[in-house]
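Asks: In case you want the letters, here they are:
Number of protein chains: 2
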Amino acid sequence: MSNKPSLAKGTRDFGPRQMANRNFIFKHITDTFKNFGFLPIETPAIENLSVLMGKYGDEGDQLLFKILNSGNFLSKCSEDDFKKGESAVLNKISEKGLRYDLTVPFARFVVMNRNDITLPFKRYQIQPVWRADRPQKGRYREFYQCDADVVGTDSLLCEAEIIWMMEDVFAKLGITDYDIKINNRKILTGITEVLGASGKEVDFCVAIDKVDKIGVEKVCEELATKGFSTSAQERTSELLKGNLSLEDIKKFLANSEVGMKGVAEIEEVLEIVKNCHETTHAKVDITLARGLGYYTGCIFEVKVNNVKMGSISGGGRYDDLTGVMGMPGLSGVGFSFGVDRIYDVMDELNLFPKHALDSTQLLVIALDDDSRKYAYSTLASLRKANVKSELYPDAAKMKKMIQYAEKKGIGHILIIGENERTSGKLSLKNLNTGEQVSKEINEVIDLLNIIH
Amino acid sequence: MSNKPSLAKGTRDFGPRQMANRNFIFKHITDTFKNFGFLPIETPAIENLSVLMGKYGDEGDQLLFKILNSGNFLSKCSEDDFKKGESAVLNKISEKGLRYDLTVPFARFVVMNRNDITLPFKRYQIQPVWRADRPQKGRYREFYQCDADVVGTDSLLCEAEIIWMMEDVFAKLGITDYDIKINNRKILTGITEVLGASGKEVDFCVAIDKVDKIGVEKVCEELATKGFSTSAQERTSELLKGNLSLEDIKKFLANSEVGMKGVAEIEEVLEIVKNCHETTHAKVDITLARGLGYYTGCIFEVKVNNVKMGSISGGGRYDDLTGVMGMPGLSGVGFSFGVDRIYDVMDELNLFPKHALDSTQLLVIALDDDSRKYAYSTLASLRKANVKSELYPDAAKMKKMIQYAEKKGIGHILIIGENERTSGKLSLKNLNTGEQVSKEINEVIDLLNIIH
Numbered sequence: 001m002s003n004k005p006s007l008a009k010g011t012r013d014f015g016p017r018q019m020a021n022r023n024f025i026f027k028h029i030t031d032t033f034k035n036f037g038f039l040p041i042e043t044p045a046i047e048n049l050s051v052l053m054g055k056y057g058d059e060g061d062q063l064l065f066k067i068l069n070s071g072n073f074l075s076k077c078s079e080d081d082f083k084k085g086e087s088a089v090l091n092k093i094s095e096k097g098l099r100y101d102l103t104v105p106f107a108r109f110v111v112m113n114r115n116d117i118t119l120p121f122k123r124y125q126i127q128p129v130w131r132a133d134r135p136q137k138g139r140y141r142e143f144y145q146c147d148a149d150v151v152g153t154d155s156l157l158c159e160a161e162i163i164w165m166m167e168d169v170f171a172k173l174g175i176t177d178y179d180i181k182i183n184n185r186k187i188l189t190g191i192t193e194v195l196g197a198s199g200k201e202v203d204f205c206v207a208i209d210k211v212d213k214i215g216v217e218k219v220c221e222e223l224a225t226k227g228f229s230t231s232a233q234e235r236t237s238e239l240l241k242g243n244l245s246l247e248d249i250k251k252f253l254a255n256s257e258v259g260m261k262g263v264a265e266i267e268e269v270l271e272i273v274k275n276c277h278e279t280t281h282a283k284v285d286i287t288l289a290r291g292l293g294y295y296t297g298c299i300f301e302v303k304v305n306n307v308k309m310g311s312i313s314g315g316g317r318y319d320d321l322t323g324v325m326g327m328p329g330l331s332g333v334g335f336s337f338g339v340d341r342i343y344d345v346m347d348e349l350n351l352f353p354k355h356a357l358d359s360t361q362l363l364v365i366a367l368d369d370d371s372r373k374y375a376y377s378t379l380a381s382l383r384k385a386n387v388k389s390e391l392y393p394d395a396a397k398m399k400k401m402i403q404y405a406e407k408k409g410i411g412h413i414l415i416i417g418e419n420e421r422t423s424g425k426l427s428l429k430n431l432n433t434g435e436q437v438s439k440e441i442n443e444v445i446d447l448l449n450i451i452h
Numbered sequence: 001m002s003n004k005p006s007l008a009k010g011t012r013d014f015g016p017r018q019m020a021n022r023n024f025i026f027k028h029i030t031d032t033f034k035n036f037g038f039l040p041i042e043t044p045a046i047e048n049l050s051v052l053m054g055k056y057g058d059e060g061d062q063l064l065f066k067i068l069n070s071g072n073f074l075s076k077c078s079e080d081d082f083k084k085g086e087s088a089v090l091n092k093i094s095e096k097g098l099r100y101d102l103t104v105p106f107a108r109f110v111v112m113n114r115n116d117i118t119l120p121f122k123r124y125q126i127q128p129v130w131r132a133d134r135p136q137k138g139r140y141r142e143f144y145q146c147d148a149d150v151v152g153t154d155s156l157l158c159e160a161e162i163i164w165m166m167e168d169v170f171a172k173l174g175i176t177d178y179d180i181k182i183n184n185r186k187i188l189t190g191i192t193e194v195l196g197a198s199g200k201e202v203d204f205c206v207a208i209d210k211v212d213k214i215g216v217e218k219v220c221e222e223l224a225t226k227g228f229s230t231s232a233q234e235r236t237s238e239l240l241k242g243n244l245s246l247e248d249i250k251k252f253l254a255n256s257e258v259g260m261k262g263v264a265e266i267e268e269v270l271e272i273v274k275n276c277h278e279t280t281h282a283k284v285d286i287t288l289a290r291g292l293g294y295y296t297g298c299i300f301e302v303k304v305n306n307v308k309m310g311s312i313s314g315g316g317r318y319d320d321l322t323g324v325m326g327m328p329g330l331s332g333v334g335f336s337f338g339v340d341r342i343y344d345v346m347d348e349l350n351l352f353p354k355h356a357l358d359s360t361q362l363l364v365i366a367l368d369d370d371s372r373k374y375a376y377s378t379l380a381s382l383r384k385a386n387v388k389s390e391l392y393p394d395a396a397k398m399k400k401m402i403q404y405a406e407k408k409g410i411g412h413i414l415i416i417g418e419n420e421r422t423s424g425k426l427s428l429k430n431l432n433t434g435e436q437v438s439k440e441i442n443e444v445i446d447l448l449n450i451i452h
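So the protein sequences, as listed, match chains A and B.
Position one of the first sequence corresponds to residue 1 (our numbering), numbered consecutively onward.
Position one of the second sequence corresponds to residue 1 (our numbering), numbered consecutively onward.
You can take every hint at face value.
Copies of the same chain look alike in the list, so a pair counts if it works inside one copy or between any two.
DSS-like, lysine-lysine: derived pairs with alpha carbons at most 25 Å apart:
1) 384 - 172
2) 34 - 407
3) 384 - 34
4) 9 - 137
5) 27 - 172
6) 354 - 27
7) 27 - 408
Rather than coming from a laboratory, the hints here were simulated on the basis of the structure.
Note that the structure is predicted; figures quoted are calculated from it, not measured.
Construct all of the structure, not just a fragment, from the sequences and the given hints.
Replies: Written out as structure tokens, the structure is:
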């Protein structure tokens, strides 16, 4: 009869230790978002497929988790549909899906609440998303995104603040050796202009996006197949090989108006950044393209040096996120922290504080039945004073109770036996040092509140 | 081309104001759970249907949201299956579902981590759950549960601590006029024994559970149809009409061993409760049955007086939650706060603090381009000192900027024009009082940090 239970593929449980570490990351991200004037919203996990489909490309549509209609889900589906296969059946049996990211639900939120929200609207959102991807190391089917976006302003202050926020969060988390790559879609457009390949911006981006993986030569081969001229390939090769300064890029783009505008935007952003951080991790990288097609201005991506891991944060400016939902012309800029990858990086670099397990401070141990009864009021006093405490609930051997405290990361035990309850002097033992002292309950409370 | 976007039926967005109020509730619940030694875990939203199905009765199985298999979801499904209908098709096209509560995933977690967790294991869990219920006022298809459970101990201290925690949380939230109804499954078993209807405990519970809705007479009619004797009906009628004291119940149950054990358990729990709260909201109510079949000892339910609302918290002891997953004999006790109902109660009673919107403290307003550049470093200084602040990002009329601050609940503005930036004395205005003072940036920071 008994079933051996299992987790669904690509999903995870988080126990108390992992939760403490994750909450450490969430806390610093949330504090920073708030410090910069962002307010939280939440949207439902379940969205209508009409909202989700067609926003992430064909591949994205495939990766959406679809929810079966309730009740007689086959009622709209004919034998004919069934014979035609999945594409004919799908929209007859499923109308809802799980959100794929936080950006499309945010766009829906803005459109539906356009009359209530005050522009510029700054929101942050920390929730799980789901993708029916093939699970592999570091890639899950259910994972958290932490997004912050501003819509309703073109100000480049927003771009600078993204860099400020990234640097603040990583400083708080102890991540120091990383680059914030910055580029601008207008620069990429300008480059294709200069290369005499106007309109082939997407082909160009797709190709150079892979330079880290396949190398310059293969990138040029790919460009050739897309109709880029030999001279365009040669000039691309130069662009990709060198560590280009902004001045080099300016020379290259001198005759492209849009390209020069992209450079000017980056210059202004970096100028603002200087006001907050004397040195910055931001580095211009014209090979940065980012997959999503909706970016129109600056784009960002964060890579940790010396750790094998994809980008741990990224974002950019988009000019028409809500247009497809009937609200055109709303400019916005946003970015996201990849908490699962940040977790893995911090784990590898051993950056989690030891005390992060926000555990019970004190385990009360009663040595006999009368002491147990006495301990109830001790426990009540401790908790009223916000000392996180518990009483071992059963009669047990001292060794077992101390093991319980140690496994749970509880630093102190308070022993109550006949002597203690008749004298009112309780035995407080520090499990790390082994030191034991005799204290009245108020003294115990004062001591514990000082330590934490 | 444009689609008017909509929310999926029975789901909700939470804007910044609602988030602040919800977080106020979550914070006090979490603080209390931690204060009592509970540690957090999280489980995935998606579970295998093999874990979920058969745990909530037939109705529950119907209300599970099922997820369509990815890719060629029809591949295992024959034309024959299709002709047979939903029941033949379902397990061919869907293997996963959304969690229906936090109890079954917790049981799965305990079984799968049995070798790593230390008993007694105290966990809390705050996550959304999904039910394909017909949406109506106060009932949603996606809603949060806040559960705390202890497994691996029979100690009645746990039951007493549930009452302690309920009273602590409601005191912090400002909810004062409520009852914690307490009963014990053993008492219900004892009553059926005394009534000469042993084994008909479920019929009895189902019937008396409705007494508030249908009245004593109808309850007795229902008992008649279930084969309860006339004298049993008469004695039930007496039980339901009176406001019975524990002494009355003892007299009634005097000859039932199991019934008297139930009474003794409640007495011990209430005795322990006294140590923490001189007066308690706990009241014995033998009509309390609670639907779920797995309870075996004390059961609890909280009702707010003078507000039309179902129970806002409830729970009880179960003796074999993990048995069906191959780990028998693990006793546990747990309870849950219904955050959505608590929200509605607090809203109706106007209990949310006005300052709960954890908003930006200060809006910086620059009057010209040079002042804007000056303001960047002001902004950086404010944020380094953890003053939650923002700079209005665009050139705009003063009125518009002040409206922005007011709508967002920002209490102060800091005005920077030519005078301010040349003198270093910035104009700080309190938007509530209208008072305006001239201060250096360090003074501004000190002032704002005192206020918050």
